[in-house]
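K.L.:
These protein sequence lines are chains A and B, in that order. Each residue of the first sequence is one higher than the one before, starting from 1 at the first, in our numbering. Each residue of the second sequence is one higher than the one before, starting from 1 at the first, in our numbering.
A couple of the hints might just be wrong.
Said to hold, decoys possible - Using C-beta positions, here's what the derived DEER-type ranges look like:
id: 1; chain 1: B; residue 1: Asn-134; chain 2: A; residue 2: Leu-102; range: 44 to 54 Å
id: 2; chain 1: A; residue 1: Leu-34; chain 2: B; residue 2: Arg-135; range: 31 to 41 Å
id: 3; chain 1: B; residue 1: Glu-66; chain 2: A; residue 2: Leu-327; range: 52 to 62 Å
As the list claims (entries may be wrong) - Once the Cα atoms are required to be at most 20 Å apart in a straight line, the calculated DMTMM-like pairs of lysine to aspartate or glutamate come out as:
id: 4; chain 1: B; residue 1: Lys-48; chain 2: B; residue 2: Glu-75
id: 5; chain 1: A; residue 1: Lys-4; chain 2: B; residue 2: Asp-111
id: 6; chain 1: B; residue 1: Lys-188; chain 2: B; residue 2: Asp-198
id: 7; chain 1: A; residue 1: Lys-188; chain 2: A; residue 2: Glu-342
id: 8; chain 1: A; residue 1: Lys-354; chain 2: A; residue 2: Glu-342
id: 9; chain 1: B; residue 1: Lys-48; chain 2: A; residue 2: Glu-342
In short, the hints are calculated from the structure, not lab data. Glycine included, C-beta positions come from ideal geometry on N, C-alpha and C.
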Amino acid sequence: MRSKFFDLITALNGPQTVGTSPLYWRCFAIACGLLLLYPIIGEDYAVSNNGFLLVWVFLGLSVCILWGYTGIFSFGQTAFFGLAGYVYGVLSINIPPEYSMLAAVCGIALIMLLTAIVGYVIFYGGISSLYIAIFTLMLTLLAETLLSRTSGPQFRIGSALLGGSNGMVGIPPLQIGSGDFVIVFVDKPFFWLVAALLILVFLGLRFLLNSNWGYLMVATREDPLRTQLFGYDIRRIQLITYIIAGGIAALGGVLFASWNNFIAPSSMGMTAATLPIIWVAAGGRASIQAVTISTFTLQWINQQLAYGGGAYSLMFFAILLLCTVMLFPQGIVTTIEMALEEYLERRRVARLEKSPLLGGRL
Amino acid sequence: MSDLVTVENLHKSFGGLQVLRGMSFGVPEGEMRVLLGPNGCGKSTFLKTMIGLHRPSAGQISLAGERIDGLHPHEIARLGVSTKLQVPSVFRELSVYQNIRIAVQRETGRDARSRNMVIDETLDMIGLLTQAGNRAGNLSHGHQQWLEIGMAIASQPRILLLDEPTAGMTPEETQQTAQIVLRLNRQKGMTVIIVEHDMAFVSALDAPILVLNQGSIFFEGTLRQVRTHQGVKEIYFGSRA
Chain A
1 MRSKFFDLIT
11 ALNGPQTVGT
21 SPLYWRCFAI
31 ACGLLLLYPI
41 IGEDYAVSNN
51 GFLLVWVFLG
61 LSVCILWGYT
71 GIFSFGQTAF
81 FGLAGYVYGV
91 LSINIPPEYS
101 MLAAVCGIAL
111 IMLLTAIVGY
121 VIFYGGISSL
131 YIAIFTLMLT
141 LLAETLLSRT
151 SGPQFRIGSA
161 LLGGSNGMVG
171 IPPLQIGSGD
181 FVIVFVDKPF
191 FWLVAALLIL
201 VFLGLRFLLN
211 SNWGYLMVAT
221 REDPLRTQLF
231 GYDIRRIQLI
241 TYIIAGGIAA
251 LGGVLFASWN
261 NFIAPSSMGM
271 TAATLPIIWV
281 AAGGRASIQA
291 VTISTFTLQW
301 INQQLAYGGG
311 AYSLMFFAIL
321 LLCTVMLFPQ
331 GIVTTIEMAL
341 EEYLERRRVA
351 RLEKSPLLGG
361 RL
Chain B
1 MSDLVTVENL
11 HKSFGGLQVL
21 RGMSFGVPEG
31 EMRVLLGPNG
41 CGKSTFLKTM
51 IGLHRPSAGQ
61 ISLAGERIDG
71 LHPHEIARLG
81 VSTKLQVPSV
91 FRELSVYQNI
101 RIAVQRETGR
111 DARSRNMVID
121 ETLDMIGLLT
131 QAGNRAGNLS
141 HGHQQWLEIG
151 MAIASQPRIL
161 LLDEPTAGMT
171 PEETQQTAQI
181 VLRLNRQKGM
191 TVIIVEHDMA
201 FVSALDAPIL
211 VLNQGSIFFE
221 GTLRQVRTHQ
231 GVKEIYFGSR
241 A
C-alpha cells in the first residue's frame, strides 16, 4: 500500500513540472486542504465569486499545455470554452435538471469531437504555426459572429433560445441526485465542485506531463523534425494534445455556464481570446502551477479593475504583457518559483556543509 | 551479400534545378560507405530524400527490398533508419539524459529499468556519462554533435545516416568520433552511410567511398584510389589539376 502510494507520487514528479520534494507535496496537501475548507469559513458571495475565478484556470491550463508544452499557439481555446457553455446550455435546458451532469459530459465530449476535427485539419493538413494562430483566431471570431446573429425566436433548439448577442439565459446549474437527495452546485457546493475538479485536472496534467507522452509534447515543441526522425508521428502527438486541451477548455466552459446561468458570444470575442494568452505568458507558459496561480490572480485583478471601467483593465493587461516579455521572459510566477528553488537548494547545501557527519569538509 | 540499402536511378528536382540525376548504388548490411563530393553535388539532398524530407522526382530507394521513398520521415525512422543532421539538432532546453530518453522511449516503452540501462550505455559510448544532468544547449559544439550521434544510435537502428558529423570539431574530437563510428560498424554491425568533407576523418574510417558529382555517382573506390583518380581531382580542383 505504502509502496503504491510512493509509486503514484513518483509518477507525478518529473522535470516537466515544478516541485518534487517532500516539502513541496506537504505544502500542496495543505493548500488543497485550505481550498476545500475555505467555503466553511468564507461568506457565500466571496466563496461563489472565488469559485467563478477558479473556472478560468481551466482555460489557462488548456492554453498552457498547448502553447507552453507543445509549442502550438492557439487562440481557439476560447471558442471551445464558449461553445461548450452553449452546448451545455442547450442540453440542460431541454432535459430534466437531474440529468444536468449528463448534459455536461455530452457538452465536453462534443467539443472534444469538434477539436478532433479542427485539429485533424490543422495538423494533418500541414498548416504552419503562424497560420495555426491565425486560423484558430478566425475560428473564435467566427463562432462569436455566428452566435451574435441568432437573436429572434426562430433561433431555438428545443426550449433553448440562442439569444443572439444578448446570449442564452436560464441555463440550469449542475446538480446530482433527484427527489429527496439533491445537490445543486451553486455557491459553496459549486466552489467545492470546481476546486475538486481543478485538483484532479492539475494532478492529471502532472501525471501526463511527466509520462512518456509529456516528453513527446516537449520534444515536439523543441524540435519537431528531430522528434519525427526518432519515429514519432508529431501530427498524432499534436492532435491528441489538442483534443485533451480542448476537453479542459470545454470543462471550464460548462462550469462557467452553470455558474452564470448564462452564456453569450462575447465569451468568444477578441478580448476573451487574448486574455488567456496573457495569463499564460505572465505566469510562465511552461509551468501548469505558474499558470494556475497567474490565471486566478490576474482574473481577480481584472475583476477589481473592471469595477472602475473596462479600459483600465485592458490597459493593465497590455502593460503587464509588455513588462513580462521585456523583464520576465520565462513568466513572473516561474521566475519567483526558480528564485525560491535556488534559495532552498543553497540552504540545503549550507546545511550539509555544517553537518557533523561531513565535518564541514564539503 | 544482398544490399540493405538500394538506390536506383534517383532523381530530385527543385523547380527547374536538377540536383539528383540518376543516382544509383547499394550498401550491403553491416557495411559502411562514405559519400564525398564538392559543394552542391547533391549529398545532403540525397540524405534528405532518403529520410523522407524530400520526395524523389523519379527513381526509388529500398530498405531490405522494401520501398521507402514517399514514406513520412517517422515511418522511415520506424523501419530502422536513424539520422544525424548536418547542424546539431538536439533538444536544447532539456538535459543530456532527457535527450537520449526521448530517443529510446519508443523502444523501451514504460520499462524504466531497461530504458535507464540503454541511456547509460549510450552515454558511456559517446563519452557524455558525466554530463548527463547538464542542459544540452550548454554543451560545446562537439559534444552536441556527439549527443546527436548518441540519440541516433540509442534506438539500435539498422542503418545510421550521418551528415557531416565532425563539422566544427577539433582534430581530437574528430578522431574520437571516428572511433565511435568504427565501433558501431565493426562491433555492433550497424550499416552506416556518411556524408563528409573532412579527409582526416574519412581516412580514419577506412571505408569504401562513393564520389558524387552533379547528382550521380561518379566514382567508387578506396580513399587511395580516390586520391589518385584524375577525374576526381578535376571535379575538386578543375580540369588543369
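K.L.:
Taking the hints in turn, state whether each one holds.
P.N.:
Going down the list of hints, with the structure as the test:
no., hint, in the structure
1, Asn-134/B x Leu-102/A: 44 to 54 Å, "52 Å, holds"
2, Leu-34/A x Arg-135/B: 31 to 41 Å, "36 Å, holds"
3, Glu-66/B x Leu-327/A: 52 to 62 Å, "55 Å, holds"
4, Lys-48/B x Glu-75/B, "14 Å, holds"
5, Lys-4/A x Asp-111/B, "17 Å, holds"
6, Lys-188/B x Asp-198/B, "24 Å, violated"
7, Lys-188/A x Glu-342/A, "38 Å, violated"
8, Lys-354/A x Glu-342/A, "19 Å, holds"
9, Lys-48/B x Glu-342/A, "43 Å, violated"
Comparing the model with each earlier hint shows violations of hints 6, 7, 9; every other hint is respected.
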